[in-house]
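Taken in sequence, the protein lines are chains A and B.
Heads up, the first sequence is in our numbering, so the first residue is 1 and it goes up one at a time.
Heads up, the second sequence is in our numbering, so the first residue is 1 and it goes up one at a time.
None of these hints come from the bench; they were simulated from the model.
Please note: incorrect hints may appear among the correct ones.
Just so you know, same-sequence chains aren't split out, so a pair can sit in one copy or run between any two.
[Said to hold, decoys possible] With a straight-line Cα cutoff of 20 Å, these simulated SDA-like cross-link-like pairs (lysine to any residue) come out:
no., residue 1, residue 2
1, Lys516, Asn271
2, Lys516, Ala272
3, Lys516, Arg149
4, Lys148, Asp128
5, Lys253, Ala368
6, Lys148, Asp211
Residues per chain, in single letters:
2 protein chains.
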Amino acid sequence: MNILFIMFDQLRFDYLSCSGHPHLETPHIDRLAAQGVRFTQAYVQSPICGAARMSCYTGRYASSHGAQWNGSPLRVGEWTMGDHLRQAGMACWLIGKTHMNADVEGMARLGLAPDSVIGARQAECGFDVWIRDDGLWAEGPDGFYDTKRSPYNAYLKSKGYAGTNPWHDFANAGLDGVDMASGWFMANAGKPANIAEDDSETPWLTSRTIDFIEQASAPWCAHVSYIKPHWPYIVPAPYHDMYGPEHVLPAVKDPRERVDPHPVYGAFMGNAIGQAFSREEVRAAAIPAYMGLIKQCDDQMGRLFAYLEDTGRMQDTMIVITSDHGDYLGDHWLGEKDLFHDPSVKVPMIICDPRPEADGTRGTTVDALVENIDLLPTFVEAAGGTVADHILEGRSLTPWLHGQKPQTWREYAISEYDYSATPMAVKLGIAPRDARLFMVADGRWKFMHAEGGLPPMLFDLEQDPQEFNDLGRSPDHQAIRDRMYDRLGQWGRRMSQRVTRSDAQIEAGRGASRRKGILLGLYEESDTDPELAAKYVGPAPR
Amino acid sequence: MNILFIMFDQLRFDYLSCSGHPHLETPHIDRLAAQGVRFTQAYVQSPICGAARMSCYTGRYASSHGAQWNGSPLRVGEWTMGDHLRQAGMACWLIGKTHMNADVEGMARLGLAPDSVIGARQAECGFDVWIRDDGLWAEGPDGFYDTKRSPYNAYLKSKGYAGTNPWHDFANAGLDGVDMASGWFMANAGKPANIAEDDSETPWLTSRTIDFIEQASAPWCAHVSYIKPHWPYIVPAPYHDMYGPEHVLPAVKDPRERVDPHPVYGAFMGNAIGQAFSREEVRAAAIPAYMGLIKQCDDQMGRLFAYLEDTGRMQDTMIVITSDHGDYLGDHWLGEKDLFHDPSVKVPMIICDPRPEADGTRGTTVDALVENIDLLPTFVEAAGGTVADHILEGRSLTPWLHGQKPQTWREYAISEYDYSATPMAVKLGIAPRDARLFMVADGRWKFMHAEGGLPPMLFDLEQDPQEFNDLGRSPDHQAIRDRMYDRLGQWGRRMSQRVTRSDAQIEAGRGASRRKGILLGLYEESDTDPELAAKYVGPAPR
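The shape of chain A in the complex, shown without the other chains (with noise of 0.2 Å):
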């Protein structure tokens, strides 16, 4: 079996038909969902590219790995989806975005060469590249936010599109006369790009993957990583005009919230994003090109899964379509990601495995608590290896896609965001190492802890599935806060650095240094077996 892993960026968990959007048609997606199971309670432990990323392809919470923010490295030496699954004998190639930045200083330090099979996959969080696109060819004052090189640039100038960055200038802008009309600024999202549609990033993403396919040895991996839907919000014919203003649903959101809000969503709210977001003509502008994005990913599944039926692959494939994190949209006054309100922190997650155990329950939706790091485990299994559960912190899914209900599952799922690189902590006075929230949510509750001194949040998500009114500060609600911190404090404790020694290892280590001589308690030499003494008997050498 190989698994074709493909994650979308910014990808809200309802923007697709099979989670009911009333605009948004998505029949491709759905008809995988309705082949293999929908999990509606899915989480990423980081609402942000980077530290979703790193959690997803390490198996670990945000805390356990480290890498808490977009470019933050990850540590060398972590294991990565790659590590696992060579160790269970799969390849494991990326094709597309990661967002991730290599330790540099640590492989240094260790004396890796980046040019080395070792030193490129440590570089590549463990990968193996067929393609590195992250998808964000923007370019400033001081020079360009990746310095890498871009395939897709270098796809493009091969095609015949002029300029140093196409990236921008076509694939992310309109036209307004002659003039560029680009997709930073929002007025312009109603434009269509000025690129032939079969050039635009995602037509392009999934033409590498069939490549690649194409030449692949089985058993294989391939993160297909899409930086769409992800702003800036503007997508070519015939997708930019597909939906208009009459589409865009209303902003979930309430005068109510902006009435002494926690101090953190207040300085989000009051950043240039969530004003933005607030304004309808923003909203009004920018929503129908989201969708229109996903409309075009959805057309891309559908090329994808046709050429997987037509190759065969569908049935020793299992299809994953995730995201790294939502879009507020406008919900809650903000705009991006960041904060732990459902259209941020939860994900779409849709698993079709081709095996016959799963047969049970394809079309099926499984509303346990799930999060991102439960995928690594699941295609460690898939891949046929054991799950190194000392270094992993996911659960394998593969009884819920099996049928089979866990004896136990996870109460609870985790999210944390670091906040320490942006300006609200600076707004807030809170010292980096204090800019850091975290979520706790178990279906009913959801609460959010605040370092720094600051209250927490917390919702009733049965009274209030709107996540409007929070009663972090409520006097009635201090018997669930407490509740809610018992679990937060029995996560902290978890173990999750014990990644050198297995329990295996240490239960079959019992015992073994008394047979290597290591006595303890003894007070004569009866006290003893004579085997274990033998060394320390008889005459004394001279």
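With chain A fixed as given, assemble chain B onto it according to the hints.
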């Protein structure tokens, strides 16, 4: 300035005359205390050799570095004392014991050759090795406990001591007629070890230390790490009969402790070691030998300090004396270490800083809560370096040494103990990952949390300084336990793995992405500074 970082093994905090032992005179160590600062509340981060040392050598809690048991390999890439000090321009040498096990698998995975400089340092906890000898050359039916080469055994053989393991047969055994009287049997503890005193372990390591200093280029840090007064409890003449049963203090124990004890405590009381040390004949045999070993250590300190004075090194060397944990010696019905009563978890800590800034504190004591992980940041400052506080979890003790009371100091000390490798975990039916204990001590209260659904322990050190009355289940102390759980929760959320990026780097990076073209929340071109958007405006390329 150099640093002479002396660690004894299993030396109780209260077995020195400067800390109040009524019969054991340790004038040389006392003199160091009179010239420096003695910390009266110094806690190790785990009351077992391996984990305590890995915490000391990394400056990090056991849960942070993950090497929580003897022999559990320290993950490749963990920053160690050697890494931090070399970065500050100071060499860092090992003379003696570390109990460190290399992460051989991790090194192989990263392609680190064990015989390269980098590989050798990774395999030796970051030290450059002058002498590595862990001092536990036990041998049983399955071979040697320690499979490395023993420099000490090689020395003894070079001096003509016979047999394959003179460490045991001479240094750790007396004579019973022509037969060995092994120190592993405590009934033999009163006999003199069958070795010239000069050739026994403590003088031998002192000689190696002097050899080192003779040729060392300043600035250096030398970790002089003695195995003694660790068991086997046997010592050469004249130390074997300096103390007798009349010098053995009554065991600090109380019948109440055996009534419905905490399950983990009960299991440890029930093991062979606890049962042996509950017998007065065992204490009467072992403790005088233990005291003799300490007396020999003190005499060797006298020899070493005299050498330093003669060579002028006393003026430019910071001298530190501590231990990796204590020894119950029958207190609380226990032997060895392992749990969190003071005889086990508290250690001596004396620091003599030769700088004039320390002149005002010479001969004083400090009662602040100090952790063993505080030493490394203290050393980094002494070496003139900057403390990497995104990696190091301890706090520099320099202010205390220089008579400056820090504005804030820790309110509680933490220690951890992972007993998953022991028969007690089996006896209690506790899974390996749940066989973990956490201590929180704030000076007034000492609290222990046990994973696996077990109750906590709690002692009121003011009312019950001897720690007899476990209030872990007392209905009257719920508020105290809640407070201790809050602290443990706070500690559990600490930033411990963000080791690839410092606070300063985070602060310096704020806003950088905007100047590299990531422009969020913009509706129109006029919403931003033209400089930031320059690449996004103007004529479209053709």
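Results for each hint:
no., hint, in the structure
1, Lys516 <-> Asn271, "between (64 Å within a copy, 19 Å between copies)"
2, Lys516 <-> Ala272, "between (66 Å within a copy, 17 Å between copies)"
3, Lys516 <-> Arg149, "between (56 Å within a copy, 16 Å between copies)"
4, Lys148 <-> Asp128, "within (16 Å within a copy, 38 Å between copies)"
5, Lys253 <-> Ala368, "neither (27 Å within a copy, 50 Å between copies)"
6, Lys148 <-> Asp211, "neither (22 Å within a copy, 52 Å between copies)"
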